[in-house]
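Colleague: As a plain string of letters, each chain reads:
2 protein chains.
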Amino acid sequence: MILDKQDLEQLEQNYRRTFVNSLAGFRQAVLVGTSSVEGNTNLAIFNSLIHLGANPALFGLISRPDRVQRDTLQNILHTKEYTINYVGAEFYEKAHHTSARYERGVSEFEKAGFHEIYHPSCSAPFVEEAIVKIAMQFEQIIDIPLNETILIIGSVKQVEMDASLVAPDGFVNLSEENVLISQGLDAYFVAKTIGRLPYAKPLQ
Amino acid sequence: MILDKQDLEQLEQNYRRTFVNSLAGFRQAVLVGTSSVEGNTNLAIFNSLIHLGANPALFGLISRPDRVQRDTLQNILHTKEYTINYVGAEFYEKAHHTSARYERGVSEFEKAGFHEIYHPSCSAPFVEEAIVKIAMQFEQIIDIPLNETILIIGSVKQVEMDASLVAPDGFVNLSEENVLISQGLDAYFVAKTIGRLPYAKPLQ
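Protein sequences appear in the order of chains A and Z. The first sequence begins at 1420 in the working numbering and counts up one residue at a time. The second sequence begins at 1420 in the working numbering and counts up one residue at a time.
The hints are simulated quantities; they were obtained by calculation from the structure and are not laboratory data. Errors might be hidden in some of the hints.
Identical chains share a label here; the pair holds if one copy fits it or two copies do between them.
Here are the simulated DMTMM-like cross-link-like pairs (lysine to aspartate or glutamate), alpha carbons at most 25 angstroms apart as the crow flies [claimed, not checked]:
1) K1576 to E1431
2) K1499 to E1548
3) K1620 to E1535
4) K1530 to E1431
5) K1499 to E1567
6) K1620 to E1547
7) K1576 to E1512
8) K1499 to E1529
9) K1530 to E1428
10) K1424 to E1529
11) K1576 to E1457
12) K1499 to D1426
13) K1611 to D1581
14) K1513 to E1596
15) K1611 to E1512
16) K1620 to E1579
17) K1620 to E1522
18) K1620 to D1605
19) K1576 to E1428
20) K1499 to D1562
21) K1424 to E1567
22) K1620 to E1512
23) K1620 to E1428
24) K1576 to D1426
25) K1424 to E1500
Just need the whole structure built from these sequences, with the hints factored in.
Modeller: Dropping the structure here:
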């Protein structure tokens, strides 16, 4: 089956959204926790976590121009802090529910059934149930004028997880804990290990 | 275990790279095929495919400031075309080998053991063995000055895959074909399905 640009443009809108989103493949499902300046908490699922660099440790998130993610974006811009949380596959329905369009002021923590937990280093709430809890410091917004999306860049200011997840070389064994993966807007998975490989060297 | 910013900065360099890269979680492993203006082909594994929008269908790739990915970047900038290819898990060693630092002019297709295939719509080579073959039109480069990485944005100009992979609502069943997933710089996985969920609506 071959679809060209014109075929894609002529697809029915919902079909196209499902097709193109799922075509982009598998990615880490993350719950982004924020708090408004008034102290209202917010939790939203993102599937656009981007590794930008290890030193300094910088992660990006793509924010679309819609209402749900705007709450998260506004809170990040106002407070300069947010959390990134990875949950296990048993929470997939709750994680998905954070994408429901609640009014601003309603906390998705409560509605989805997650618990807030705080650390003195960060004003934003973590997800107590999360296997990996990352505190982020907002660094920069980069506009993507082509389609009005936004790249939110932050630096990692704290990482909390069970020490047993980290291999002697620093590798984080997320698959051992069945950390939730997503594809498209509504499909959830866990990872089944194929293997790790040594640094690739040119063949002679 | 809690690591703060200072702890991260003090980690040994290789340990930190492995830790932060793998901390960013699971993502689609993609092989990016390009051709230089002289006709030399290039194939490089990326784990930074970003869905930016469905209409128009826009995907991003993060390019680091290193030599291997610069070949890909230069070819994209010169020819304005590239391909994105997803392979099955059985090719994980070959896919990883495309990250070896070959001299410019040496084709990673040949060295890694993949075959080039062409379509009249695109000057860049596809991976014949790939389950999903996407032809991309270069649209824009966005600099990320914080750490000198680059966001390469392209629009989808053609998608080729077996029609049986696409569900009636447009969802692409990549997990059925054991499409390769990566984590960090050297770990490979396939996806095990948890489930798909309906559009999330607010609880009353």
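Colleague: Would you mind marking each hint as holding or not holding in the structure?
Modeller: Going through the hints against the structure:
no. : hint           : result
1   : K1576 to E1431 : between (43 angstroms within a copy, 17 angstroms between copies)
2   : K1499 to E1548 : within (23 angstroms within a copy, 45 angstroms between copies)
3   : K1620 to E1535 : between (46 angstroms within a copy, 22 angstroms between copies)
4   : K1530 to E1431 : neither (32 angstroms within a copy, 42 angstroms between copies)
5   : K1499 to E1567 : both (21 angstroms within a copy, 22 angstroms between copies)
6   : K1620 to E1547 : between (42 angstroms within a copy, 23 angstroms between copies)
7   : K1576 to E1512 : neither (29 angstroms within a copy, 34 angstroms between copies)
8   : K1499 to E1529 : within (23 angstroms within a copy, 48 angstroms between copies)
9   : K1530 to E1428 : neither (36 angstroms within a copy, 37 angstroms between copies)
10  : K1424 to E1529 : neither (42 angstroms within a copy, 30 angstroms between copies)
11  : K1576 to E1457 : within (23 angstroms within a copy, 46 angstroms between copies)
12  : K1499 to D1426 : between (42 angstroms within a copy, 21 angstroms between copies)
13  : K1611 to D1581 : both (20 angstroms within a copy, 24 angstroms between copies)
14  : K1513 to E1596 : within (17 angstroms within a copy, 28 angstroms between copies)
15  : K1611 to E1512 : both (20 angstroms within a copy, 16 angstroms between copies)
16  : K1620 to E1579 : neither (34 angstroms within a copy, 31 angstroms between copies)
17  : K1620 to E1522 : between (53 angstroms within a copy, 12 angstroms between copies)
18  : K1620 to D1605 : between (39 angstroms within a copy, 13 angstroms between copies)
19  : K1576 to E1428 : between (42 angstroms within a copy, 10 angstroms between copies)
20  : K1499 to D1562 : both (17 angstroms within a copy, 22 angstroms between copies)
21  : K1424 to E1567 : within (20 angstroms within a copy, 32 angstroms between copies)
22  : K1620 to E1512 : between (43 angstroms within a copy, 12 angstroms between copies)
23  : K1620 to E1428 : neither (42 angstroms within a copy, 28 angstroms between copies)
24  : K1576 to D1426 : between (45 angstroms within a copy, 10 angstroms between copies)
25  : K1424 to E1500 : between (39 angstroms within a copy, 14 angstroms between copies)
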